[in-house]
Amino acid sequence: MRFVDEFRDGKASRSLAETIRRTVTRPWSLMEVCGGQTHAIVRFGLDALLPSDVHLIHGPGCPVCVTPVALIDQALAIAARPEVTFCSFGDMLRVPGSAEDLLSVKSRGADVRVVYSPLDALALARQRPDREVVFFAVGFETTAPANALAVAQAETEGLGNFSMLVSHVRVPPALEAILASPRRRVDAFLAAGHVCAVMGTQEYVPLAAKHRVPIVVTGFEPLDLLQGILMAVRQLEEGRAEVENQYARLVKPGGNRTAQALIERVFQVEDRDWRGIGGIPSSGFGLRAAYASFDAGRRFGVQDLGGQESPDCQSGLVLQGLLKPRQCPAFGTTCTPDQPLGATMVSSEGACAAYYRYRRFDPVEAP
Amino acid sequence: MTADPFLLACPRPLRHATVQMAHGGGGRLMKDLIEGLFLPILGTDPAGQHDSAVVEAAGARWAFTTDGFVVSPRAFPGGDLGELAIYGTVNDLAMAGAAPSALSTAFILEEGLDLAELRALVASMKAAADRCGVRLVTGDTKVVDRGKADGIFITTAGIGLIAPGVDIHPRKVRPGDAVIVSGDLGRHGIAVMSVREGLAFESPVTSDCGPVHHLVAALLENGLDIHCLRDPTRGGLASVLNEIATAAGVAIEAEEAAVPVNEAVAAACEILGLDPLYVACEGRMVAFLPEAQAERALAVLRAIPEGKDAAVIGRVTSGPAGRVSLRTALGTWRLLDLLSGEQLPRIC
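Protein chains in written order, with the working numbering: chain G, 99 to 465; chain H, 10 to 357.
Honestly, I wouldn't trust all of these hints.
Unchecked claim - No more than 35 Å apart at the CA atoms, straight line, and that leaves these computed lysine-lysine pairs for DSBU-like:
#1 G:Lys109 with H:Lys317
#2 G:Lys204 with H:Lys40
#3 H:Lys40 with H:Lys151
#4 H:Lys157 with G:Lys204
#5 H:Lys40 with G:Lys422
#6 H:Lys151 with G:Lys204
#7 G:Lys308 with G:Lys422
#8 G:Lys350 with G:Lys308
For the record, the hints were derived by calculation from the structure and aren't laboratory data. None of the values given here were measured: they were computed from a predicted structure.
Work out the full structure, taking the sequences as your base and the hints as a guide.
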């Protein structure tokens, strides 16, 4: 497949890994921010190609994983209402709330649908004026523009039966929180390429300077990741702490201005709770006051629903890179994709899910 | 950030008191349903699990199987529900090495179903049965109130004669067997999904929906010692390899680069965040036979149009029972696990 196979070439991968091996002189810990990157690393076994001095730490960049339980509970309460058609990306359906997940509510008769775009939900609202169509707007800066567009479009068309349950999160405040933590173990970041395709690279410059940490905007294919790792390791070895762009084929320094303008028009920066991690200032987007009538939490009066969390899941430590999934006592025993304790075990970008699926056992007997 | 790790929290485990969609998804949950509910009550031996049961009657061995068909949409690029209902059962018979002899069918019709559509589906069934050289000999019809079914559900059952000396069963798989697929994977799942979700691709993906019994017959006629056959329907190739590795108490090593996947299917999977190794086929089979016979089997299959893309994709080893490993294009290894629940399209 063009534009994919080139970036999965075995020979080029091994050659890049060899260059990394020759560059490294001491141990370094790199955090890949995005869950999509984590899955690529585990799926393609990239860590097995790296020298033992390069440690990859899996970051918090899985929107499904960090959506607070309270918000899942709000989603469940809304979806259960008879007048509601609840639309969500597929990822969210198996994420456990306090007591159950969206698939369970669906199996009891709720109208829960998987859509591929918020615009699909908007189309549904147009076709079914008799239904309250609610879209679960989860994601990082990557999905924010399309969600903003849907709200703006609904306003233009006067679609009174469309609303959104918003749980948008932003990457830079999360990196700031990780860097400010006394338990910081991260020497460099591989920033999430798709987020930067929207937002550009500028907001990472102050972070890199303040914390003396290299940040390399990195793509998602094996060669992208290996090249990103090499760029980060070179900076560390040379004592530099800069923002570099490995994913230049998609990411412009200024990002996508049209998308940013849409976000700016519909959303405002807010404080947000991250599941397993806690509150992080200015780390989310919420609807601006002018669009408050599209806020599903408000429309259905569920904003005050709080989540009931159990203490057995250590996903907060996993999301901060302080624990590898296989080090968690619950991993693969009391916590599996069928009976997850936390979202990291069910999300398609969750670190625990990646290890369960690709690394639960060692794939082959050690030679 | 929360400083105390004991405050970090997630919810309690879920228990299913009701049927979930994933109970029919071909993955771990369906396995739980069969092994935890059906088999204990019915008293069926789990070691007997195969695409068809083998029964002895009238001095011969017969394969016997049944299958329900509920696909939505009922028509998709490359086939429809009627064809699927015939090929599904014919192929399950073929997986036991049987030549299909006769089929039965039962229709559950929803009040209000367009008779023109029913006529077209039945005509499809007839054409498919003719193509397979099998007769539909008996049937049943039920009609339910509007809203109590999704248009039409079709069930078929079939019997087929197993030739003397043919013994195809998961328990016969052993270390040293080669794993062969009869063609490219994932077409059916992606073709159905493209219609269901209204996705348009530059080059449309057509379903592989079709019979494979003639491929099996050709392998047998050429004297190949087939140990096991399985059609990779729900759950795809990955589920087949896991089922067989568990049933036979062996390990399987597969080679990702060797698995034939059509370019458009691969592209659709990339976009949707799906893995083609888990996507359903309806006209493919996976064959296990001694490695020394692999080249000859490939030659036999490739001489038939439906087998032209046949490929050896892996081998059976004496590693840990049930372990399926995949060598990636980079030369690294990972598990190829049974799917938990359904594959759900991702966010970004």
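Quick rundown of the hints versus the structure:
1. G:Lys109 with H:Lys317: holds (29 Å)
2. G:Lys204 with H:Lys40: At roughly 22 Å apart (the allowed maximum being 35 Å), Lys40 of chain H and Lys204 of chain G satisfy the hint.
3. H:Lys40 with H:Lys151: Since the Cα atoms of Lys40 of chain H and Lys151 of chain H sit roughly 30 Å apart, the hinted pair holds (cutoff 35 Å).
4. H:Lys157 with G:Lys204: holds (17 Å)
5. H:Lys40 with G:Lys422: holds (29 Å)
6. H:Lys151 with G:Lys204: holds (27 Å)
7. G:Lys308 with G:Lys422: holds (27 Å)
8. G:Lys350 with G:Lys308: Distance ~23 Å between Lys350 of chain G and Lys308 of chain G Cα, so the pair holds.
The structure fails none of the hints (numbered hints given earlier).
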